[in-house]
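Based on the provided sequences and hints, a complete structural model is requested.
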Amino acid sequence: MYLQLKSLPMTQPDIILDMRHISKAYAGVPALRDVSFSCVRGQVHALVGENGAGKSTLMKILAGAVQADSGEIVFKGRSFSHLTPRLSLDMGISIIYQELALSPYLTVAENIFLGREPNRAGVIQTGQMRKQAAELLERLHVHIDVDEPVSELTVAKQQMVEIAKALSRQADLIVMDEPSAILVGEELEQLFRTIHSLVAQGVTIVYISHRLDEVFQIAEQVTVLKDGALVSSQARAGLTQPELVQMMVGRPLEEVYPPSPGKHGEPVLVVEGVSNKRLKDVSLTLHAGETLGVAGMVGSGRTELARAIFGADAVSSGRILLNGKPLTKASPAQAIESGVALVPEDRKAQGLFTALPIRQNVTLPILKRLSRYGVLKGGQEEQVVEAARDKLSISMASADQEAQYLSGGNQQKVVLAKWLETQPSVIIMDEPTRGIDIGAKFEIYQLMRQLNAQGVAILMISSELPEVLGMSDRIVVMRDGQIAGELTREAATEEAIIERATSGGSAS
Amino acid sequence: MKRLVLLVLMGLLLVGFGVSAQDEESPFTPEEIEASPYLQSVLARQETMFDTSEYAKEGPYRIALAAQGTSNSWSALFDEHARWYAEELGPDVVGELLYADAQASADVQVPQVEDLLAQDPDVLILVPMGSAALSAPVERAMAQGVPVVLCASTVDTDNFVTEVGTNLYASGAYLAQYLVDQLGGEGSVVVMEGIPGVTTSDVMAAGARAVFAANPGITVLDTQPGNWSTAEAKSLMETWLAQYGDEIDGVWSGGAQMSQGIVSAYLDAGAAIPPIGGGEFGNGFLRLALENDISYAAWQYPNAMVTLCMDTAVKILQGESVPRFIDFQDFIPNTQNFTDAEGVEYFNPEWSDDVFGPILFPAERLEALGFLVQS
Amino acid sequence: MVLSSVPSKTYTVRRFIVRYGVYVSLGLLLLVALLLTPNLYSQQTLTVLLKQSAQLGLIAIGQTLVLLVAGLDLSVGAVIFMTSVIIARVSNGVDSALPTAIGLSLLLSAVVGAANGLLITKRKIPPFVATLAIFILVQGAVQAYTRGVPGGFVPQGLSVVNQSTGFFSIPVVLWIGLTGLFLFVLRRTTYGRRLYAAGSNPAAAHLTGLAVDRLKVSAYVLCSLLACLAGVVLTGYVGYVDRFIASGLDLDAIAAAVVGGTLFTGGRGSVLGTFAGVLLIQVLGTMALLLGLTIQAQFIIKGLVILAAVALYSLARVD
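Protein chains in written order, with my numbering: chain Y, 7 to 514; chain B, 99 to 473; chain F, 781 to 1099.
Think of the hints as simulated: they come from the structure by calculation, not from any bench.
Check each hint, because a few of them may be wrong.
[As the list claims (entries may be wrong)] Anything over 10 Å on all C-beta distances counts as not near chain F; from chain Y, calculated:
no.	residue
1	Leu120
2	Arg136
3	Leu358
4	Leu370
5	Lys397
[Said to hold, decoys possible] In silico DSSO-like links for lysine-lysine, alpha-carbon gap of 27 Å or less:
no.	chain 1	residue 1	chain 2	residue 2
6	Y	Lys354	Y	Lys397
7	Y	Lys283	F	Lys1082
8	F	Lys904	Y	Lys354
9	F	Lys1082	Y	Lys335
10	Y	Lys335	F	Lys902
11	F	Lys1082	Y	Lys354
12	F	Lys902	Y	Lys354
[Unchecked claim] FRET-style restraints, in silico, Cβ to Cβ:
no.	chain 1	residue 1	chain 2	residue 2	range
13	Y	Ser404	F	Tyr971	34 to 40 Å
14	B	Glu145	F	Ala913	37 to 43 Å
15	Y	Pro110	B	Ala234	41 to 47 Å
16	Y	Val381	F	Gly807	29 to 35 Å
17	Y	Gly121	B	Arg160	44 to 50 Å
18	B	Ala369	F	Tyr971	44 to 50 Å
Even glycine gets a Cβ: it sits at the ideal position worked out from N, Cα and C.
Written as structure tokens, this is what we have:
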């Protein structure tokens, strides 16, 4: 067990939230065990832990979406055994989830006041509503047209609208669930500025994140959960990043990124002057056994590059060569045939067949090999799935288990297993560790290194700079559909990448 | 768990019995024959004359015909009768025949009637595709000064000039009485209704119920709808045969091609066909009945009745008073109810199975429509 | 290692309900029938029950296939009507012309199915709208061709579909045989695997190199061909061209598939479940008739059963 470093002040006139001894079990499986969590008014409190550590359950209890089995919630001096969603909102608790809950075709102002429009005898006072919306956005120091439909906004701005919505409800405590997962560079800075101004206005923020560097940048207090239990709750000052990782995973930081084998072979993938609607004259070369990192902001063309190479999107000029042979048409089938695999960024929407058994996920691209005259040969599938389970240490009940019942990390391993069966020479990984806990992340990094050692080339797209820096042999940075620069492993720093991704950094 | 399922099923059964009990309290129970609104209305209207002097005008006339339209052979022959009869009456009488095709749908017909009325016809002949849906358009026509002749079906409102049809209650009773006579007042029958909730179907079934109730020796084994579909009628008859077998001494059928399904079920089962109260007047059934020597009674609903509707329309425009209900059996020859004994005369070997007689127009017109058997 | 990947007890129960719920329900219903309507088990009733199930069952196999690719086919009623008109018109009562007539029907049905599939995949029209439009179009085209007069004769030879040997008749053998065939195709062939994948997650299937559009179109073509086969059987059964030949069957087929555990969201379901769903609906209908329930009560029961099935499956779904 970890040492309990809880340091609650003895007198707490400024404690806004105090969740005491919360326990919760789902169908007998404990999700939270005697967790206490308290926040000081006007502070940023980071809540960290691996997936499944109990962060979301704790916040769901706070939102009234789930009821605790035991424990007590004290908010602004009032004590409750449980909350309801209505009560939670009315008391000033707002939660901003990763999947934003906005109506895309309504305007910014309409979204902020949805269901609570300023009205006179049922008639919406549009002018009043727009004015109030503009004032709220002013408080956040962001410039958004209140008449714009939300669907026209960037994800970052949509997030600001969510925050404004929370403020319009007089929220005293705002929980942000992984707010940075959808942001990059300047957008993240904007979020931090907004958080600072909120805190200055006396609002309390609970900040849930995987990214420890962010935690160190903005949090004053840090609470760590692991396997449903409280590990530590302490001031950030005096805490180091390696200590925090150790508390979360029980493994020192330096072991997270395994060393590169460093030996590269012939070029396997050559992209020559490729352009289409989203890409402008992109060229790059990927060698056997190499991991090439692709950095850049969301929308910079990284995913579009992956889709173009894989044949999912058409190319208007330029060409793509695999082992010296050009891909002739935009067809994933042809790319797969030529030895390319794509692990897409949105696992559930594009990578995994959640309703299908693991077996059918893994063998889908190699059905031809496992069949004769279109009929599957008995027994072979089981062998394939067994082998994949052993190789990737997939934790599963049986090959017939539906993929949706696996954890994020195991789901990603199933997607990887599917592609490994095709014996690809190039694997494109778009955000390979998004939404995966640190333990599984580590396993995926190790697997990438093994593949490199076997001569497989990896094109890794990532928004997590530590990951890009830790795993890449070389790094290309994209901006506006173009290659904005290339960095060697030695020359690469977070600052160098951000500079090229945002401003007019010179193409090397 | 099992007990729960049983309980739920029992509950459902109770619901079922509740519905069936309610059914017997419907307005057509034997005790209430005299109170049958349909019967009352038909009988009363047959005796009432409508003064049409306000509609009198010089010909030629513009006659609007809102027909059932493209749907089946009965309707195709109805339309042909209308076209032929307009020619027969000549251009001095029928200056223009405005025609609308409802495709057998009330939804299609309602706006069509509006469109016809916008063309300001002298008279409207309407084959209503729904008694409720068409009531308002009929009232609007009357308010606009266009006299309405209902042809082959009725509406819920009483605000029209006259209706051409037949006493369906009496037809239903006739078919039931035939069975009673055949069985000598003793035996078991099954009753296949048309579509419950549709006036013509309900009225015929009520007529039958009244007769069976008045004959205590007759047991009605079951009453179910065949939805005027040959396929559904056959399925239902097969299940009845499996359930009751030769307990069934007679079958009452509410018409519209269901009887063909009933006969087909008997032929498949290889069982002897009992008397059928409710044979068809279509050539197909007549052929089947002859080939298999079936005992039946049939009622008629001739498509030729449109000629009577047109005659009536012309009379109205000439200012002649007309009764408010006109039974075609009184005016068109060979449209009376009949039994297998007369069936031989109604059958025409040159006609295809789809022909519903009697046909008043010349055979060439039938041939042009593809209704003659190709040799 | 990771707690969440070990299936819990509720998960097992839920999966059991989703997988075997329809079979257990059918079994229970058959037991209840033993008490309430023992005459269900007479040779003749069972024969009739199976024969009528076969008509519904043939259509329901096709609906299952399109439901698996997250689709729906409302045009089967028109395909059945079209088939019966073609058989009567083209053969005009002559047995020897029957193969030509059936061949032509199958060909045109395949065209209808392809039209459905292409509208849905290439034009991105929702299945409900596309197949409803095709239903109206085909129904209209048939009526324009016949001008409302069915015409022609159904050949005597087609009445072989009505002959039974024991419990078996041609429609029943077709139904059982095709259920077996598609069970095999969906479970043990590459085509079946790909169809599930394309229905379960079209985007992922595309990125796994599958020809998703072609797979979807194939499901609609198969559905139309099966409807055509049902049309042939029904035409022989009725012996006449009947405008209401498919009335009720088209929607009952969708209901049977849903009761059998096939989901509207695609990628989930099986023809065996549909087979049981068809039997469940038919047994209920026959029991209601044997009990002499009114048609209103029968509708209420049928509605409740479908609701119960949908409620059960949605309760059992883990989100």
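Do the hints match the structure? See the list:
Look at Leu120/Y: its CB is around 24 Å from the nearest CB on chain F, clear of 10 Å, so calling it non-interface holds up. Once the 10 Å rule is applied to beta carbons, Arg136/Y is consistent with being away from chain F; the minimum gap is 35 Å. With a closest Cβ-Cβ approach of about 6 Å to chain F, Leu358/Y is found to fall inside the 10 Å limit, against its non-interface label. Separation of Leu370/Y from chain F is inadequate, the least Cβ-Cβ distance of about 5 Å not exceeding the 10 Å criterion.
Every CB of chain F is more than 10 Å from the CB of Lys397/Y (nearest about 15 Å), matching its label as outside the interface. Our distance criterion of 27 Å between C-alpha atoms is met by Lys354/Y and Lys397/Y, whose separation comes to about 23 Å. For the hint pairing Lys283/Y with Lys1082/F, the CA-to-CA distance comes to about 53 Å; that exceeds 27 Å, so the pair is violated. Distance hint between Lys904/F and Lys354/Y is fulfilled; the C-alpha atoms sit about 22 Å from each other, no more than 27 Å.
Simply put, Lys1082/F and Lys335/Y have alpha-carbon atoms about 52 Å apart, too far for the 27 Å limit, and the pair is violated. Distance check on the hinted pair: Lys335/Y and Lys902/F sit about 19 Å apart at the alpha-carbon level, within 27 Å; holds. Pair hint Lys1082/F plus Lys354/Y does not hold up; C-alpha atoms about 36 Å apart against a cutoff of 27 Å. Straight-line distance between C-alpha atoms of Lys902/F and Lys354/Y comes to about 24 Å, which keeps the hinted pair within the 27 Å bound.
For the pair Ser404/Y and Tyr971/F, the supplied restraint of 34 to 40 Å is violated, since their beta-carbon distance comes to about 25 Å. The hinted range of 37 to 43 Å is not satisfied by Glu145/B and Ala913/F, whose Cβ atoms lie roughly 51 Å apart. Between Pro110/Y and Ala234/B, the C-beta spacing of about 43 Å keeps the proposed range 41 to 47 Å intact. A hinted range of 29 to 35 Å for the beta carbons of Val381/Y and Gly807/F is consistent with their spacing of about 31 Å.
A hinted range of 44 to 50 Å is violated for the C-beta pair Gly121/Y and Arg160/B, which are about 59 Å apart. Range check, Ala369/B to Tyr971/F: about 46 Å between beta-carbon atoms, so the 44 to 50 Å window is met.
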